[in-house]
Structure formats: C-alpha cells, structure tokens
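> Input sequences plus hints: build the corresponding full structure.
Just so we're aligned: 38 in UniProt numbering is position 38 of the sequence shown, and the numbers increase by one with no gaps anywhere.
If you are wondering where the hints come from, they were derived from the structure by calculation, not from laboratory data.
Taking CB as the label site, the calculated pair distances span: (1) Ala16 with Pro160: 44 to 54 angstroms; (2) Pro196 with Ala88: 51 to 61 angstroms; (3) Arg206 with Gln127: 39 to 49 angstroms; (4) Leu198 with Ala33: 30 to 40 angstroms.
Taking lysine to aspartate or glutamate and the EDC-like style, the derived pairs with C-alpha atoms no more than 20 angstroms apart in a straight line are: (5) Lys182 with Asp31; (6) Lys182 with Glu102; (7) Lys182 with Glu114; (8) Lys182 with Glu36; (9) Lys182 with Asp19; (10) Lys182 with Glu99; (11) Lys182 with Asp32.
In this text, all values refer to a predicted model and were calculated from it rather than measured experimentally.
For glycine and all other residues, C-beta sits at the position ideal for the given N, C-alpha and C.
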Amino acid sequence: MTGPQRSGGVNIYDPAQRDPSLSRRPQNRRDDAWIEALLTRAPLGRVATVYQDETGQVWPFVTPLAFAYRPDSRDLVYHTNVVGRLRANTAQGHPATFEVSEIGALLPSTSPLELSVQYRSVIVFGQARVLTDPEEARAALTTLSERVFPGLRIGQHTRPILDSDLARTAVYALSIERWSGKENWADQALQEEGWPPLPPELAWPRPAEAAR
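Written out as structure tokens, the structure reads:
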C-alpha cells in the first residue's frame, strides 16, 4: 500500500477526521495517570523534529536523549550540544513529537503477521523551545540531572551549575499539548490455527522461564 490507509472511505490519518494522538486499538489505550507514571520513571526517549530549508524541503530528524517530565509545568526538559541539528530544528518553531517506550520480550508466532513484542509506550505532541533565560535553563537542567540520577543533588553531590556550563549546552522545554499511551504486554502472541506449534527453542515463554 503506497497511499494513506483508509477505513470505510475515511482517511484515518486526517487530523480533521480523527485525532492522530488517539490509538486505533481501544484495548491498548492507557489513561493519563498511566502515561504520567511512564514519563516519570523512564529516563530516555526520542524527540522528533523537522528542519525546513529555503526551498520548502522538509528534513525530519530523531534525537535520542535523556529527559525529565515536569508535571507542574506539564512539559519535558532535555539538553544537547549548544550547536547542532536539534537546536536548528527547534529554533524554526515547528511542532515536535517525543516518544518514550519500555520493551519486553519478543513474542514468536506460527503466523507471520502475529510476530510481536511486549511494549509500553507514550507519544507526546507539543511545542519545543530553547530556554534562553539562565535561571529557567538552570532549573530545568537541575531537574533533568536529579531525575536521571535518583538521589543525586546538584550543589550537594556536584558543584552548582555555572553560567559557563549553560553557555556550553542548549536546554529545551517541550510543552505538552496532547499525548497518547499504549501497552501490549501479552504473555504470548497469537498462533496460527491448524499449524504445528513452534519448537521449544523458538517458543515463548522458554521452558526455563515458564518453570520459574
């Protein structure tokens, strides 16, 4: 299929017809509390941004990085090198998307279309900006550092964050406009009816795992 998928004649990816942040499978959708819990415990994610050149050509880019969720301001904070693609993309003001996931076991199946994986994931949609105010950037970088390294305290276990530190990094805040949470943590994948079962060395759970 080369074009957008359609269901009942309606383009399911048209934001005017359907919220693109809403999962297609209701049984996999998770609520706000579940989403916040995953954003709070996961230290790593991937932010997707685009750069549009003077001809109108759009260049998408994905950056993996450490992040922190701030419920009070309803945003995500992260940092990168002071110069680079993420800084240039963000400066153009396009919307950004952030992905966070936890991956479990690969789930084999006798059906090629049912080969699966255990996962929990959150997609965040919003607007990212570079924090130019030194105190705002310092507070965000402090939250990020202490969040990724639980128990660590900036100014107690490390020296304070200096203005010279801020001059060497770009600190960002992504304001959350929408989000979506999904989970599929099945014990095993669906199998093809009437087809011989997988041999023990390919099946999941493994015999040793099942015996625990």
